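**Q** Residues per chain are reported as follows:
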Amino acid sequence: MREARDERARVRGAQRGSVSDLEALFRTHWPRAFRAAYLVTHDAAAAEDIAQESFLAALRALDRFDRRRPLGPWLHRIVVNRAIDWTRTRRLRAEVELADVLPATPEASMTGDETFSALARLSPEHRAVIVMRYLLEFTPGEIAEALDLPRGTVNSRLRRGLDALGDEL
Amino acid sequence: MRPELERIEIPGEQHARERAWTVASAAFAERRPVNGRRRMWRPAIAVVAVVAALAAVLSPPGRAVLDEIRDAVGVEHPQPALFSLPAPGRLLVASDAGIWVVQQDGSKRLLGPYREASWSPFGRFVVAASENELAALEPDGGVRWTLARPGVRSPRWTGSETDTRIAYLGRQPRVVAGDGSGDEPLCAASVRRVAPAWRPQAQLAVALTAPSGAVYVVDLDGCLRRWTSSPTRARRLEWSSDGARLLVIGSDGLRVLDGRTGEVVARPRGADAAFHPGTHELARIETRDDTSAVVLGARTLFRGAGELRGLAWSPDGRWLLVGWPAADQWVLVRADGGRRIRAVSNVSEQFRSRSFPRVEGWCCE
Chain D
0 MREARDERAR VRGAQRGSVS DLEALFRTHW PRAFRAAYLV THDAAAAEDI
50 AQESFLAALR ALDRFDRRRP LGPWLHRIVV NRAIDWTRTR RLRAEVELAD
100 VLPATPEASM TGDETFSALA RLSPEHRAVI VMRYLLEFTP GEIAEALDLP
150 RGTVNSRLRR GLDALGDEL
Chain F
0 MRPELERIEI PGEQHARERA WTVASAAFAE RRPVNGRRRM WRPAIAVVAV
50 VAALAAVLSP PGRAVLDEIR DAVGVEHPQP ALFSLPAPGR LLVASDAGIW
100 VVQQDGSKRL LGPYREASWS PFGRFVVAAS ENELAALEPD GGVRWTLARP
150 GVRSPRWTGS ETDTRIAYLG RQPRVVAGDG SGDEPLCAAS VRRVAPAWRP
200 QAQLAVALTA PSGAVYVVDL DGCLRRWTSS PTRARRLEWS SDGARLLVIG
250 SDGLRVLDGR TGEVVARPRG ADAAFHPGTH ELARIETRDD TSAVVLGART
300 LFRGAGELRG LAWSPDGRWL LVGWPAADQW VLVRADGGRR IRAVSNVSEQ
350 FRSRSFPRVE GWCCE
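Chain order of the listed sequences is D and F.
Per numbering that gives the first Met the number 0, residue 0 is the first one in the first sequence, and the count goes up by one each step.
Per numbering that gives the first Met the number 0, residue 0 is the first one in the second sequence, and the count goes up by one each step.
One should not assume that every hint holds.
Label-pair ranges, simulated between beta-carbon atoms [as the list claims (entries may be wrong)]: (1) F:Thr-286 to D:Arg-4: 45 to 55 Å; (2) D:Arg-4 to F:Asn-345: 42 to 52 Å; (3) D:Phe-64 to F:Ser-211: 53 to 63 Å; (4) D:Gly-151 to F:His-14: 33 to 43 Å; (5) F:Ser-354 to D:Arg-120: 44 to 54 Å; (6) F:Val-264 to D:Pro-72: 45 to 55 Å; (7) F:Arg-108 to D:Ala-8: 54 to 64 Å; (8) D:Arg-7 to F:Pro-87: 38 to 48 Å; (9) D:Phe-64 to F:His-14: 24 to 34 Å; (10) D:Ser-122 to F:Ala-201: 44 to 54 Å; (11) F:Ser-250 to D:Asp-5: 55 to 65 Å; (12) D:Arg-7 to F:Asn-345: 43 to 53 Å.
In short, the hints are calculated from the structure, not lab data.
Please read all numbers here as calculations on a predicted model, not as lab measurements.
Built from N, CA and C at the ideal position, the CB exists for glycine as well.
Using the sequences and the accompanying hints, generate a full structural model.
**A** Structure follows, in structure tokens:
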């Protein structure tokens, strides 16, 4: 409750030009936005671009933003949708989908992270719902609304995603 | 599940966050104040200025020549090599080692020890000039033909799918067919050493610079001179993609000429400029005191200490590449609304050059 109140105050401050409030919002929301983009795209440079552009889009819309709504879900929704778009575009360009042909991505090998490797085996659409549910803590209903999907599709993607992760992990 | 997802290590996360904050705070400082918030605006700029100044003081010496306040900063943590281009197309680069083709995935190939080069109209070939040779090359380095001529300079290729011509300078301006045949003088008797510029959307009309500095356009068919401008100090000529405007980049500044009459229609400020593809809008390099800025219309896209040199648009018009010799960097600036910046360092070393490499063209999706 208090967090929500603090965030509203920061949004109001940023709307009035306060750099310190903007910085507080940035520090709160950037890490998760960047992480979400990375977990969907599995490309650090693309994730940086996506998170950065999403944050700038939020800045551009700051004056019109309804302070009663929390900023995070709004920002993260933009991030995840852009990340999904990016992965789709990449597939359309017929670039090699590393996850399809390699046991793990090079970055995964470097981090040695089993979760990351397991995620890499999922489709971007499945990764997106997993990330939204378990990293960004959207409810299935919120995911359905954010991604413009039927609720049943979200549930089935979550179930299949978790099954696949369970197998891998 | 969440702890697992948060434990995943992301390469370069810290630097990404710093870059993003720099860009976001600069964008915030440029945000137009809305009614009732004007009083808050100046303090906001002041705070950003103080933050930037503190960052400069606290940063390691030599970083970005002094982190003065810039409209867009992204070069503190440049990529150490050109890993990829941010937009479709291929770069043609001239360095001390010769002419290079850089593919979108960052792979590059040295075509040979040529001094200058340009793309064929559809980017399938390259025409390159060495001291006494003109050569048509394939982007993989294969030589299609060569032509021995003294003092070859500034080759430029134009034409359609079926009929192309290459204009170049030697002891006099000359023109040769795209298959290397029919080399002959190009109408005019003598010109300055300014690269010819073929007029787009026109049947083999080319802009040249007379010894007086006047720019003129001549039709190859009949050697008919279309118009002649007043004298300039032209160093480079560039047409807008519709052929309606001719940009004259001179040692005395910029002039935009009407492509049909040669009359001056604008004298924008700047030391260098390039037409935004498909438009008459100019990206310009403005230099004031010890700072240079890349400006598009009224927007400053990037500002850096020292000289910025050379502008190359991506074929899709979304990205602009500018050289920053003092930092040995190429800076890639997103120009279509976003404020994304990418920088690549060690440019000279990557192209085996002691002088700063020059981008000859970014061609063709």
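**Q** Given a hint of 44 to 54 Å, does the C-beta separation of F:Ser-354 and D:Arg-120 actually sit inside it?
**A** 48 Å, holds
**Q** Has the hinted range 24 to 34 Å been met by the Cβ atoms of D:Phe-64 and F:His-14?
**A** 28 Å, holds
**Q** Per the hint of 55 to 65 Å, is the separation of the Cβ atoms of F:Ser-250 and D:Asp-5 within bounds?
**A** Given range 55 to 65 Å: holds, Cβ gap about 58 Å.
**Q** Between D:Phe-64 and F:Ser-211, does the C-beta distance stay in 53 to 63 Å?
**A** 60 Å, holds
**Q** The hint says 45 to 55 Å between F:Val-264 and D:Pro-72; measuring C-beta to C-beta, is that right?
**A** For D:Pro-72 against F:Val-264, whose Cβ atoms are near 51 Å apart, the range 45 to 55 Å holds.
**Q** Taking 45 to 55 Å as the hint, is the beta-carbon distance of F:Thr-286 and D:Arg-4 inside that range?
**A** This hint holds: roughly 49 Å between Cβ atoms.
**Q** Go ahead and decide if the range 38 to 48 Å is satisfied by the Cβ distance of D:Arg-7 to F:Pro-87.
**A** Roughly 43 Å apart at Cβ, these two residues keep to the hinted range, so it holds.
**Q** How does the Cβ-Cβ distance of D:Ser-122 and F:Ala-201 compare with 44 to 54 Å: does it lie in that range?
**A** 50 Å, holds
**Q** Honestly, do D:Arg-4 and F:Asn-345 meet the 42 to 52 Å range at C-beta?
**A** 49 Å, holds
**Q** Is it true that D:Arg-7 and F:Asn-345 lie within 43 to 53 Å of each other by Cβ?
**A** 47 Å, holds
**Q** That 54 to 64 Å hint for F:Arg-108 and D:Ala-8 (C-beta), does it hold up?
**A** 57 Å, holds
**Q** State, for the Cβ atoms of D:Gly-151 and F:His-14, whether the hinted interval 33 to 43 Å holds or is violated.
**A** 41 Å, holds
Checked against the numbered hints listed earlier, the structure breaks none of them; every hint is satisfied.
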